[in-house]
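Peer 1: Both chains are given apart, each in its own frame, so use the hints to dock them into the complex.
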Amino acid sequence: MGSEQLVRRLPNDIGGDPAGKIEMIEHELLPWEKRCHALADVLDFHKIINTEEKRRGVEALGGEMIGKLSYYERWIVAFSNILFQKGVLTPGELAVKMKEVEARFTPNDGGHG
Amino acid sequence: MSDVDPHDHHHHDHDHDHAPISSDQPPGYYDIMETAVRELLIERKLFGADEIRRQIEVLDSRTPALGAKVVARAWTDPAFKERLLHNGRAACEELGITFYDDTELIVLENTPQVHNLIVCTLCSCYPRPVLGLPPDWYKLKPYRARAVYEPRAVLAEFGTTIAEEVEIRVSDSTAVVRYLVLPMRPAGTEDMNEEQLADLVTRDAMIGVVPVAYNREAA
Numbered sequence: 001m002g003s004e005q006l007v008r009r010l011p012n013d014i015g016g017d018p019a020g021k022i023e024m025i026e027h028e029l030l031p032w033e034k035r036c037h038a039l040a041d042v043l044d045f046h047k048i049i050n051t052e053e054k055r056r057g058v059e060a061l062g063g064e065m066i067g068k069l070s071y072y073e074r075w076i077v078a079f080s081n082i083l084f085q086k087g088v089l090t091p092g093e094l095a096v097k098m099k100e101v102e103a104r105f106t107p108n109d110g111g112h113g
Numbered sequence: 001m002s003d004v005d006p007h008d009h010h011h012h013d014h015d016h017d018h019a020p021i022s023s024d025q026p027p028g029y030y031d032i033m034e035t036a037v038r039e040l041l042i043e044r045k046l047f048g049a050d051e052i053r054r055q056i057e058v059l060d061s062r063t064p065a066l067g068a069k070v071v072a073r074a075w076t077d078p079a080f081k082e083r084l085l086h087n088g089r090a091a092c093e094e095l096g097i098t099f100y101d102d103t104e105l106i107v108l109e110n111t112p113q114v115h116n117l118i119v120c121t122l123c124s125c126y127p128r129p130v131l132g133l134p135p136d137w138y139k140l141k142p143y144r145a146r147a148v149y150e151p152r153a154v155l156a157e158f159g160t161t162i163a164e165e166v167e168i169r170v171s172d173s174t175a176v177v178r179y180l181v182l183p184m185r186p187a188g189t190e191d192m193n194e195e196q197l198a199d200l201v202t203r204d205a206m207i208g209v210v211p212v213a214y215n216r217e218a219a
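Same order as they appear, the protein sequences are chains A and B. Here our numbering is used: the first residue of the first sequence is 1, the next is one more, and so on. Here our numbering is used: the first residue of the second sequence is 1, the next is one more, and so on.
If we strip away everything but chain B, and leave its shape as in the complex, we get (with noise of 0.2 angstroms):
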């Protein structure tokens, strides 16, 4: 909904249609844009509706849940994860993730010296394929700017406090370099099965903003 719209935080006064969607409202004006666009487009032959139709559903098909399923198999696998780290897309591949785009993608592995972030600084590079969109946040300049000058400030505004002994590493996306953070496996996990630590994955884990968490009194 156009309310939780980053943007409307601003205080700008574009005519945005800030009122709830419904089917008999009429669109917008930006929204009226993207259609005549594509309709023109379309009548040019320069591609069919089809396409954007399929390609919809291939975005809808993308959740952390696939990132998840790539993580967890990394933790059980030791194999898979030399591979997963050597090429990260050829990895997701064997898993039956597709790559709709020509990215590449590069997974940084946290380790007990090491805790990785990723961040795109010119705009909102993010590893589609495996994570689906970004959200709205990490598209907006506070997360933009200060990644890379004062990350463990900004881990903190997310509550992740990283040991000063631990070196942090900043890695800044571009259109054809994504990456994709291989979190650690919590402590209490060693009984766990594959689908199960999948579960404890998170999005923001494969960001590098918060660790995998495990409370065992809760599971």
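Bound conformation, chain A alone (with noise of 0.2 angstroms):
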């Protein structure tokens, strides 16, 4: 098969692809990721990162991390990048942040934010 394929079809069009039985699962949405879903919608409403950017953001982490991630995983970690690649935030402002999040539930610290 020539490389043709690659540009006709991007890593998410799975469409038609060989794939193993069906999984009848479903789970209830962790509060995280209910509260991250509704971060899409607002970001969507807001004009800063459409269904569409989500989607390409969530293909462009690539196999690996598709794979291992879990699906609101994928979701986060994509707005995350969007959000550098726009220029909204910047990693460090995150890294800094996730530190001071992560310390409200650590049990010395004695605050619960």
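FYI, nobody ran anything at the bench for these hints, they're computed from the structure. Errors might be hidden in some of the hints.
[Stated by the list, open to error] With a straight-line cut-off of 30 angstroms between C-alpha atoms, the simulated DSS-like cross-links for lysine-lysine are:
| hint | chain 1 | residue 1 | chain 2 | residue 2 |
| --- | --- | --- | --- | --- |
| 1 | A | K54 | A | K21 |
| 2 | B | K139 | A | K86 |
| 3 | B | K69 | A | K34 |
| 4 | B | K141 | A | K21 |
| 5 | A | K68 | B | K139 |
| 6 | A | K47 | A | K97 |
| 7 | B | K139 | A | K47 |
| 8 | B | K45 | A | K47 |
| 9 | A | K86 | B | K45 |
| 10 | B | K139 | A | K21 |
| 11 | A | K68 | A | K34 |
| 12 | A | K54 | B | K139 |
| 13 | B | K141 | A | K34 |
| 14 | A | K97 | B | K45 |
| 15 | A | K86 | A | K68 |
| 16 | A | K47 | B | K141 |
| 17 | B | K45 | A | K34 |
| 18 | A | K99 | B | K45 |
| 19 | A | K68 | A | K21 |
| 20 | B | K139 | A | K34 |
| 21 | A | K86 | A | K47 |
| 22 | A | K54 | B | K45 |
| 23 | B | K141 | A | K68 |
| 24 | A | K68 | A | K97 |
| 25 | B | K141 | A | K54 |
[Stated by the list, open to error] Sample of chain B residues at the chain A side, in silico, Cβ under 8 angstroms:
| hint | residue |
| --- | --- |
| 26 | Y30 |
| 27 | Q55 |
| 28 | W137 |
| 29 | R146 |
[Claimed, not checked] Each pair of labels, with its calculated beta carbon distance range:
| hint | chain 1 | residue 1 | chain 2 | residue 2 | range |
| --- | --- | --- | --- | --- | --- |
| 30 | A | G62 | B | L46 | 23 to 29 angstroms |
| 31 | B | D199 | A | P91 | 49 to 55 angstroms |
| 32 | A | T106 | B | R83 | 53 to 59 angstroms |
| 33 | A | R9 | B | A90 | 34 to 40 angstroms |
| 34 | A | A60 | B | A90 | 34 to 40 angstroms |
| 35 | B | R216 | A | F105 | 51 to 57 angstroms |
| 36 | A | G67 | B | Q113 | 38 to 44 angstroms |
| 37 | B | E104 | A | G16 | 23 to 29 angstroms |
| 38 | A | G92 | B | T161 | 54 to 60 angstroms |
| 39 | A | G92 | B | R169 | 48 to 54 angstroms |
| 40 | A | A95 | B | K45 | 19 to 25 angstroms |
Glycine is no exception: its CB is placed at the ideal position from the N, C-alpha and C atoms.
Peer 2: Following this line, the structure appears as structure tokens:
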């Protein structure tokens, strides 16, 4: 098969690929997953990240991350990357904020935010 | 709970918290990331914290009961059905169902000649304003990959057999165009009212993977 297949089919475009049996599983969203979904909607309403950008952001994570992260884990990582690319946030700012959020839950810190 | 997360079925070694969730447990890495991103954007006044809370309420308010109401109305009101097939979104809005996103809704009618199935091969697009959030299997590879080339085999896994002479049409959703299947009204329901009919209509019937069943003996 020629290399033209590479431009005809992007990694997310799996329609028609061989695949196994359908596992009829479903789960109730975890609180953070629901917040992540609501965040996606609000980002879309404000034209910060639309659905198409989100999808491409997930695609840009590459096969290994897409395979290993859960559905909403991919979303939040994609959102972060897109916000960095758009200059809305920097990786440093996110790292500092994540440390701050994490510290709220460490017992010796005393503070539950 | 994380132990029924679809991706945990594939023996991955990511540092997911597999223990039961309780309030005294520290949040996981991606949970923290979500909180941090959200708070940073709120601090920058790109949106308000109230908007996230309101959207969670909107998401919670969307269940397949809304779609079932639309289907039952279409079964009992031919003029409504005509408007629904002409413009799905506008007809749903007539019933007070708001569309909180920028999506169009195309309603696909099942008939004795045609059976419709919906899928999103590219990600997980789904008629969320009328059905809520999709089940995990809709978002996973086997359904997305196979629905378009072997719909009869896929349907068989849901226990659905469609006669050979019936055409199966698979519609692939996009970010802006979503589909809802209008299933066939089952025989024996002639005396039922709209509310009773709505009770028969399941989420999976509106995705097109099963028909609407009515068992007169059990009713």
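Peer 1: Does each hint hold? Answer for all of them.
Peer 2: So, going through the hints one by one against the coordinates:
| no. | hint | verdict |
| --- | --- | --- |
| 1 | A:K54 with A:K21 | holds, 28 angstroms |
| 2 | B:K139 with A:K86 | holds, 28 angstroms |
| 3 | B:K69 with A:K34 | holds, 25 angstroms |
| 4 | B:K141 with A:K21 | holds, 10 angstroms |
| 5 | A:K68 with B:K139 | holds, 15 angstroms |
| 6 | A:K47 with A:K97 | holds, 23 angstroms |
| 7 | B:K139 with A:K47 | holds, 24 angstroms |
| 8 | B:K45 with A:K47 | holds, 14 angstroms |
| 9 | A:K86 with B:K45 | holds, 16 angstroms |
| 10 | B:K139 with A:K21 | holds, 14 angstroms |
| 11 | A:K68 with A:K34 | holds, 20 angstroms |
| 12 | A:K54 with B:K139 | holds, 15 angstroms |
| 13 | B:K141 with A:K34 | holds, 22 angstroms |
| 14 | A:K97 with B:K45 | holds, 16 angstroms |
| 15 | A:K86 with A:K68 | holds, 26 angstroms |
| 16 | A:K47 with B:K141 | holds, 29 angstroms |
| 17 | B:K45 with A:K34 | holds, 21 angstroms |
| 18 | A:K99 with B:K45 | holds, 21 angstroms |
| 19 | A:K68 with A:K21 | holds, 19 angstroms |
| 20 | B:K139 with A:K34 | holds, 16 angstroms |
| 21 | A:K86 with A:K47 | holds, 12 angstroms |
| 22 | A:K54 with B:K45 | holds, 21 angstroms |
| 23 | B:K141 with A:K68 | holds, 13 angstroms |
| 24 | A:K68 with A:K97 | holds, 25 angstroms |
| 25 | B:K141 with A:K54 | holds, 18 angstroms |
| 26 | Y30 | holds, 4 angstroms |
| 27 | Q55 | holds, 4 angstroms |
| 28 | W137 | holds, 5 angstroms |
| 29 | R146 | holds, 5 angstroms |
| 30 | A:G62 with B:L46: 23 to 29 angstroms | holds, 28 angstroms |
| 31 | B:D199 with A:P91: 49 to 55 angstroms | holds, 51 angstroms |
| 32 | A:T106 with B:R83: 53 to 59 angstroms | holds, 57 angstroms |
| 33 | A:R9 with B:A90: 34 to 40 angstroms | holds, 35 angstroms |
| 34 | A:A60 with B:A90: 34 to 40 angstroms | holds, 36 angstroms |
| 35 | B:R216 with A:F105: 51 to 57 angstroms | holds, 56 angstroms |
| 36 | A:G67 with B:Q113: 38 to 44 angstroms | holds, 40 angstroms |
| 37 | B:E104 with A:G16: 23 to 29 angstroms | holds, 25 angstroms |
| 38 | A:G92 with B:T161: 54 to 60 angstroms | holds, 58 angstroms |
| 39 | A:G92 with B:R169: 48 to 54 angstroms | holds, 51 angstroms |
| 40 | A:A95 with B:K45: 19 to 25 angstroms | holds, 22 angstroms |
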